[in-house]
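There are 2 protein chains.
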Amino acid sequence: MATIRVFPQPWAARAAAKREDTLNKIRAEWRLSTTDLVKAEKQRDLTGPFIQQFLHDDEISIISKDSVQLVEDIKNAKLTAVQVTSAFCKTAAIAHQINNCLHEIFFDQALERAAWLDDQFSKNQSTVGPLHGLPISLKDQLHVKGVDTTMGYIGWIGRNFGSDPEQAHKIESQINTELLSLGAVLYCKTSLPQTLLFGETKNNLVGETLNPNNQNLSAGGSSGGEGALQALRGSTLGLGTDIGGSVRIPAAFNGIYSLKPTPERLSYRAVANNNPGENTYRSTIGILSTSLGGLNLLLQADLSCKPWLKDPSVVPIPFREDVLKEYEARANPDGTANGTIPLKFGVLWTDGVVQPHPPITRGLNMVVEAIRSAGHKIVDWNPPAQEVGRAIHLAFLKADGAYDIHSQLNLSGEPLIPDLRKSFKLREPMNLLKYQDLTLQGLKYEADYSDYWNSTAEQDGQIVDAVIMPVAPHAAVIPGKYYHTGYTQVINLLNYSVVVIPVTKADRLIDTVDSSYEPLNDLDRMNWEAYDPEMYDGGPVGLQIIARKFEEEKVLSIAKIVVSAMETSKAGAKGTVTREGNQIARGA
Amino acid sequence: MATIRVFPQPWAARAAAKREDTLNKIRAEWRLSTTDLVKAEKQRDLTGPFIQQFLHDDEISIISKDSVQLVEDIKNAKLTAVQVTSAFCKTAAIAHQINNCLHEIFFDQALERAAWLDDQFSKNQSTVGPLHGLPISLKDQLHVKGVDTTMGYIGWIGRNFGSDPEQAHKIESQINTELLSLGAVLYCKTSLPQTLLFGETKNNLVGETLNPNNQNLSAGGSSGGEGALQALRGSTLGLGTDIGGSVRIPAAFNGIYSLKPTPERLSYRAVANNNPGENTYRSTIGILSTSLGGLNLLLQADLSCKPWLKDPSVVPIPFREDVLKEYEARANPDGTANGTIPLKFGVLWTDGVVQPHPPITRGLNMVVEAIRSAGHKIVDWNPPAQEVGRAIHLAFLKADGAYDIHSQLNLSGEPLIPDLRKSFKLREPMNLLKYQDLTLQGLKYEADYSDYWNSTAEQDGQIVDAVIMPVAPHAAVIPGKYYHTGYTQVINLLNYSVVVIPVTKADRLIDTVDSSYEPLNDLDRMNWEAYDPEMYDGGPVGLQIIARKFEEEKVLSIAKIVVSAMETSKAGAKGTVTREGNQIARGA
Numbered sequence: 001m002a003t004i005r006v007f008p009q010p011w012a013a014r015a016a017a018k019r020e021d022t023l024n025k026i027r028a029e030w031r032l033s034t035t036d037l038v039k040a041e042k043q044r045d046l047t048g049p050f051i052q053q054f055l056h057d058d059e060i061s062i063i064s065k066d067s068v069q070l071v072e073d074i075k076n077a078k079l080t081a082v083q084v085t086s087a088f089c090k091t092a093a094i095a096h097q098i099n100n101c102l103h104e105i106f107f108d109q110a111l112e113r114a115a116w117l118d119d120q121f122s123k124n125q126s127t128v129g130p131l132h133g134l135p136i137s138l139k140d141q142l143h144v145k146g147v148d149t150t151m152g153y154i155g156w157i158g159r160n161f162g163s164d165p166e167q168a169h170k171i172e173s174q175i176n177t178e179l180l181s182l183g184a185v186l187y188c189k190t191s192l193p194q195t196l197l198f199g200e201t202k203n204n205l206v207g208e209t210l211n212p213n214n215q216n217l218s219a220g221g222s223s224g225g226e227g228a229l230q231a232l233r234g235s236t237l238g239l240g241t242d243i244g245g246s247v248r249i250p251a252a253f254n255g256i257y258s259l260k261p262t263p264e265r266l267s268y269r270a271v272a273n274n275n276p277g278e279n280t281y282r283s284t285i286g287i288l289s290t291s292l293g294g295l296n297l298l299l300q301a302d303l304s305c306k307p308w309l310k311d312p313s314v315v316p317i318p319f320r321e322d323v324l325k326e327y328e329a330r331a332n333p334d335g336t337a338n339g340t341i342p343l344k345f346g347v348l349w350t351d352g353v354v355q356p357h358p359p360i361t362r363g364l365n366m367v368v369e370a371i372r373s374a375g376h377k378i379v380d381w382n383p384p385a386q387e388v389g390r391a392i393h394l395a396f397l398k399a400d401g402a403y404d405i406h407s408q409l410n411l412s413g414e415p416l417i418p419d420l421r422k423s424f425k426l427r428e429p430m431n432l433l434k435y436q437d438l439t440l441q442g443l444k445y446e447a448d449y450s451d452y453w454n455s456t457a458e459q460d461g462q463i464v465d466a467v468i469m470p471v472a473p474h475a476a477v478i479p480g481k482y483y484h485t486g487y488t489q490v491i492n493l494l495n496y497s498v499v500v501i502p503v504t505k506a507d508r509l510i511d512t513v514d515s516s517y518e519p520l521n522d523l524d525r526m527n528w529e530a531y532d533p534e535m536y537d538g539g540p541v542g543l544q545i546i547a548r549k550f551e552e553e554k555v556l557s558i559a560k561i562v563v564s565a566m567e568t569s570k571a572g573a574k575g576t577v578t579r580e581g582n583q584i585a586r587g588a
Numbered sequence: 001m002a003t004i005r006v007f008p009q010p011w012a013a014r015a016a017a018k019r020e021d022t023l024n025k026i027r028a029e030w031r032l033s034t035t036d037l038v039k040a041e042k043q044r045d046l047t048g049p050f051i052q053q054f055l056h057d058d059e060i061s062i063i064s065k066d067s068v069q070l071v072e073d074i075k076n077a078k079l080t081a082v083q084v085t086s087a088f089c090k091t092a093a094i095a096h097q098i099n100n101c102l103h104e105i106f107f108d109q110a111l112e113r114a115a116w117l118d119d120q121f122s123k124n125q126s127t128v129g130p131l132h133g134l135p136i137s138l139k140d141q142l143h144v145k146g147v148d149t150t151m152g153y154i155g156w157i158g159r160n161f162g163s164d165p166e167q168a169h170k171i172e173s174q175i176n177t178e179l180l181s182l183g184a185v186l187y188c189k190t191s192l193p194q195t196l197l198f199g200e201t202k203n204n205l206v207g208e209t210l211n212p213n214n215q216n217l218s219a220g221g222s223s224g225g226e227g228a229l230q231a232l233r234g235s236t237l238g239l240g241t242d243i244g245g246s247v248r249i250p251a252a253f254n255g256i257y258s259l260k261p262t263p264e265r266l267s268y269r270a271v272a273n274n275n276p277g278e279n280t281y282r283s284t285i286g287i288l289s290t291s292l293g294g295l296n297l298l299l300q301a302d303l304s305c306k307p308w309l310k311d312p313s314v315v316p317i318p319f320r321e322d323v324l325k326e327y328e329a330r331a332n333p334d335g336t337a338n339g340t341i342p343l344k345f346g347v348l349w350t351d352g353v354v355q356p357h358p359p360i361t362r363g364l365n366m367v368v369e370a371i372r373s374a375g376h377k378i379v380d381w382n383p384p385a386q387e388v389g390r391a392i393h394l395a396f397l398k399a400d401g402a403y404d405i406h407s408q409l410n411l412s413g414e415p416l417i418p419d420l421r422k423s424f425k426l427r428e429p430m431n432l433l434k435y436q437d438l439t440l441q442g443l444k445y446e447a448d449y450s451d452y453w454n455s456t457a458e459q460d461g462q463i464v465d466a467v468i469m470p471v472a473p474h475a476a477v478i479p480g481k482y483y484h485t486g487y488t489q490v491i492n493l494l495n496y497s498v499v500v501i502p503v504t505k506a507d508r509l510i511d512t513v514d515s516s517y518e519p520l521n522d523l524d525r526m527n528w529e530a531y532d533p534e535m536y537d538g539g540p541v542g543l544q545i546i547a548r549k550f551e552e553e554k555v556l557s558i559a560k561i562v563v564s565a566m567e568t569s570k571a572g573a574k575g576t577v578t579r580e581g582n583q584i585a586r587g588a
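Sequence lines, in order, name chains G and F.
For the first sequence, the positions run 1 to 588 when my numbering is used.
For the second sequence, the positions run 1 to 588 when my numbering is used.
Fair warning: there could be bad hints in the mix.
[What the hints assert, rightly or not] Cross-link-like lysine-lysine pairs, in silico, BS3-like; alpha carbons within 25 Å at most:
#1 F/Lys398 x F/Lys422
#2 G/Lys344 x G/Lys325
#3 G/Lys444 x F/Lys306
#4 G/Lys344 x F/Lys306
#5 F/Lys310 x G/Lys325
#6 G/Lys310 x F/Lys344
#7 F/Lys398 x F/Lys145
#8 G/Lys444 x F/Lys170
#9 G/Lys310 x G/Lys344
#10 F/Lys170 x G/Lys377
#11 F/Lys344 x G/Lys306
#12 F/Lys398 x G/Lys398
[Said to hold, decoys possible] Computed beta-carbon distance windows for the label pairs:
#13 G/Asn410 x F/Arg427: 24 to 34 Å
#14 G/Asp437 x F/Lys434: 43 to 53 Å
#15 G/Pro318 x F/Gln125: 36 to 46 Å
#16 F/Leu509 x G/Pro318: 50 to 60 Å
I should point out that these hints are in silico values taken from the structure, not numbers from a laboratory.
Glycine is no exception: its CB is placed at the ideal position from the N, C-alpha and C atoms.
Using the sequences provided together with the hints, build the complete structure.
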């Protein structure tokens, strides 16, 4: 531990003090011994049995349930809010100690609220709302009263965006107010990368969050701490944000689910952000969960608050149960086509820039086989060059010449982390005329992509319902080797709605190197050469299921059919090579 | 007529040739004599009896109906599409000759289509769609195949945005494709101001469009030609666009109705625009009509095409009949409160920058009295300083330093019209960091305004349903004296949905000058001194009824209640001073 000087503190000391302060918020009986911490450091896979060794059976029973089961059990008085909250606080405490995935801990606040909720429940014999007693974790962009929001910036510790300390800790993000009104319990905030614009989870405040499924790899993406926490079952449901893949990458890399809605479906009001003045391509609030049911639960509950009445940026579209049902009616409960019109899927095998590693391609094949066996239609997806979309999107993210990032860094004097020194060097902002021209290019790309989507009806009269594509070209990622974020970024340019589902895990025995592959370009070569079956073994494979703008209910419904079809396919498969750990969790 | 040289043509000659060409598209029997033209020039009010002298009784009968009646009559075989189209083409032809309100005439195309529609109708004994046979006029930003879109720019004559003539006339705006699929007949395009950013209707192509109700005044605003054409009943329904008041100003100035939806409710795809790369505050497609029923008809019909499937910028909100009914249920058919919760209105008497002229204030009083007598609630509206919103919005419109405008002018060498030489002088574009800061200011203003709106529930638990405010501080405007467009611009910054209704007309006998008024500032003084009861006599007074984002159905429904309440109030008024011409037309 670094020596802490009270004043003035250099940035590193301020960060160390903050880390120490966070650890001190963990009660003594939840602290791990040095022996255990050393053991954890050497452990490849921290999930399941490893973390469970620190928990009691009743705690394991609670954290093994998904969000929907938890609220049901509390509603039916099988569990109390305090029991549930305690179990998740303890698990999150252990997760943080072995995985470094939290920025903020406010378990005391959470347990106090849980007790209040139990009290309300026993008084009124009814829940406060549909999220009664459910612990929800938050990416450290969301403001909670009484708690820091640092977004990884040292200069924001104890200060609201680095401003007057007197003004700190007074803000609550609108969506948090909504969650609380629905009965949720907020208890911790999860780690993220400096700038938010990085596919790994690393900053000067807490350092790095590795992948709990395989510590050779990164937790991944800008809601990486959230993904890692959920992989360790220290949470079943959390909020993140997504500007270039930030709720999709961590879901895919950690074997969980996420929903990236179209921006302006959920409230971003009073949520901290990188360069919020860049509002042409907006970051969106997203949901991560250990189950599909969790995603649906949060979306439906939150929209019942009519967030558009208090946040004028939100489009007034209530939760559309009818859309959910409309797609549900297209398949049997086991995912098989039911004699109505089968679903039609596009599959993007590669974006033509960077070929996915073998585990990802195998994952695509598994999904395609399952969908096809279930009687749905599959066509190849050949949209307008994804690389064009990626380049436009990246230009927007960099348009301010990293001015905002450097303003925040300058508050404390902390430097850019080495990985980002080149990308976010301070530069001249883009000329406005160029910016406006870029806007036109973005709109044109969006229109072209939409036209392509509509053109899928030309052959059989049926428009593709959803598209399956990789989240990234690798199953999680070896730190330092995330070369291409095009698979997620293009979807941000299009503002589409996406569900990520876990599909399988990298398997060194199956996913061997294909040394005959001829890379398409230097980037593709770098990525291809970075594939190491041994290192990646156990890395989760998740895929994107993509629908169009504001089609959140539709894509949730379709994802459920896909997951069901995969389970059916798996149950029916005989003689297929499978290994332990390749099972897919099915949400409610 | 200027001499026309074939090549090279200076811009003025090209404009003259284009004007001549347009006039030549009017068939001989619809051409007016020089005597009539001179008579028209001297006539203060061209509407009603004046223009009707050039029409036959059966034509007058047709053009006196509103859009809803027309489609009903065609559907019930009381009229043919050809009869209706002929009557409107002829009226539009005369309107253009006396009022200079058209850019494009394509009556032949229209009549051919009308004949086809009649043929379909007699073959199938059913209409092609809900707009079967209805002539719809278009602001000259909307593309029609085979026809110029000049937007007033000489350089665009015969060229698609000034580009290769080979590529001209091939585009059709998506919304036009939708209207055609619904059975509409397109027949003419209406005049607009150079740059679109001007409260009067003037360009180098056709010159000026004056107000047909009172030729001392301007037709007003950037859909001014459309407003004038409808005042002359050369159309019952038309499309315009609105970036700062462009469908509201001409509606108010011409005694008709308009709907400015939230941008992204209707398709703007393949519609020409000023500086389309400025997409932070977007122009919106709006509807102008001689009746409320016309607005409703077009909105509902167009949304039945699901425009979002082909235009990814459109938000997928279908027409919400339930919302319409929900508000309808709040009043009796005569507009009076019916024992459910009465409606609650805010009234903005002044924006604190420029005090409206006496006719406008009287109009506000008339509406307030009618609403109050009908049993609904009225409160004063004191939102965040409108001037702040206006300044932010204006900065966006000027952010590119008029680069786009000058690029278009340079195609032909035409100059800015004198009125705009100062405002749109070519300047350095805004710095992007400043632009992004301005974006944050805009978002903050929007959030503050929304908070204020919600705060109206503090006293009685009821949030204001809609706000009544001026469109402009004058009843139409004396050319050169439009000093303040804040009343409309702020609403564009907020992206609210608005219906404009006609209320009364300026009356020199009632709306006398209040010489005791102390102007608030220099701008207010200029505006106040510009009021001349004699000049303004007969100038229409329209007002804005404002609801929040994407509340088009709600605001249409509320507007209907307001209009009914005003009729009821008028019918009940005894001994009140009224003059001929102060009647309000009521839409279906």
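### Message
Given the hinted pair F/Lys310 and G/Lys325, is their Cα-Cα distance within 25 Å?
### Response
Between F/Lys310 and G/Lys325 the Cα gap is close to 24 Å, so the pair holds against 25 Å.
### Message
Checking one constraint from the list: CA of G/Lys444 to CA of F/Lys306, max 25 Å. Satisfied?
### Response
holds, 20 Å
### Hinted pair F/Lys344 and G/Lys306, Cα distance within 25 Å
holds, 20 Å
### Query
Would the pair F/Lys398 and F/Lys145 pass a check requiring their Cα atoms to be no farther apart than 25 Å?
violated, 31 Å
#### Entry: Pair hint outcome, F/Lys398 versus F/Lys422 [Cα-Cα no greater than 25 Å]
holds, 12 Å
### Task
Could you check the hint for me, namely that G/Asp437 and F/Lys434 are 43 to 53 Å apart, CB to CB?
Since G/Asp437 and F/Lys434 have Cβ atoms about 18 Å apart, the given range 43 to 53 Å is violated.
### Message
Given a hint of 50 to 60 Å, does the C-beta separation of F/Leu509 and G/Pro318 actually sit inside it?
### Response
Between F/Leu509 and G/Pro318, where Cβ atoms are some 52 Å apart, the hint holds.
### Task
Mind checking the alpha carbons of F/Lys398 and G/Lys398 for me, to see if they're no more than 25 Å apart?
Judged against 25 Å, a Cα distance of about 24 Å means the pair holds.
### Message
Against the 25 Å threshold, does the CA-CA distance of G/Lys344 and G/Lys325 hold or violate the hint?
### Response
Judged against 25 Å, a Cα distance of about 17 Å means the pair holds.
### Query
When you take the CB atoms of G/Pro318 and F/Gln125, is the distance between them in 36 to 46 Å?
About 40 Å separates the Cβ atoms of G/Pro318 and F/Gln125, which means 36 to 46 Å holds.
### Query
Are the Cα atoms of G/Lys310 and F/Lys344 separated by 25 Å or less?
Within the cut-off at roughly 19 Å; holds.
### Query
Under the criterion that the straight-line Cα-Cα distance not exceed 25 Å, is the pair G/Lys444, F/Lys170 satisfied?
Answer holds: G/Lys444 to F/Lys170 is near 18 Å, not above 25 Å.
When held up to the earlier numbered hints, the structure conflicts with 7, 9, 10, 14 and fits the remainder.
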